[in-house]
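**Student:** Sequence:
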Amino acid sequence: MTKQQSDHNAVGYTDDKAAYLKRLARIEGQVRGIKRMIENDAYCIDVLTQVSAVNKALHALSLGLVTDHMNHCVIDAAASGDEAVIEEKVQEVSATIGRLLR
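Numbers -18 to 83, taken from the numbering used here, label the letters of the sequence shown in order.
Careful, some of the hints might be misleading.
Stated by the list, open to error - Below, computed lysine-lysine pairings styled on PhoX-like, alpha-carbon distance capped at 25 angstroms:
#1 Lys16 - Lys3
#2 Lys3 - Lys37
#3 Lys(-2) - Lys37
#4 Lys16 - Lys37
Source of the hints: derived by calculation from the structure; they are not laboratory data.
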């Protein structure tokens, strides 16, 4: 359990956990499909097309998680009125978005 999790009873994605797990299962299936394509010597462009689809699916998942984090953790921090906590959460989400954009 991370420090952030121990500070809260629930994480931002708790309400959508089942949907996230379902999406991850689909992504996992796509990755296994890419593995099979490589094992079967599939045409390069076909493999790359599937890699692109996985990347898009992961980006969509990431965007949902960032949105949930902002709607839960960042709003909770803002509601606390504690400037240090607010600054910490804003910096945290800003750094995370920066990593996702690289």
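**Student:** State for each hint whether it applies.
**Tutor:** Outcome of the hint check:
1. Between the alpha carbons of Lys16 and Lys3 the distance comes to roughly 20 angstroms, so the proposed pair stays at or under 25 angstroms and holds.
2. About 16 angstroms separates the Cα atoms of Lys3 and Lys37, which keeps this hinted pair within 25 angstroms; it holds.
3. Between Lys(-2) and Lys37 the CA atoms are separated by roughly 19 angstroms; this keeps the pair inside 25 angstroms, and the hint holds.
4. The suggested pairing of Lys16 with Lys37 holds, with an alpha-carbon distance near 18 angstroms, which does not exceed 25 angstroms.
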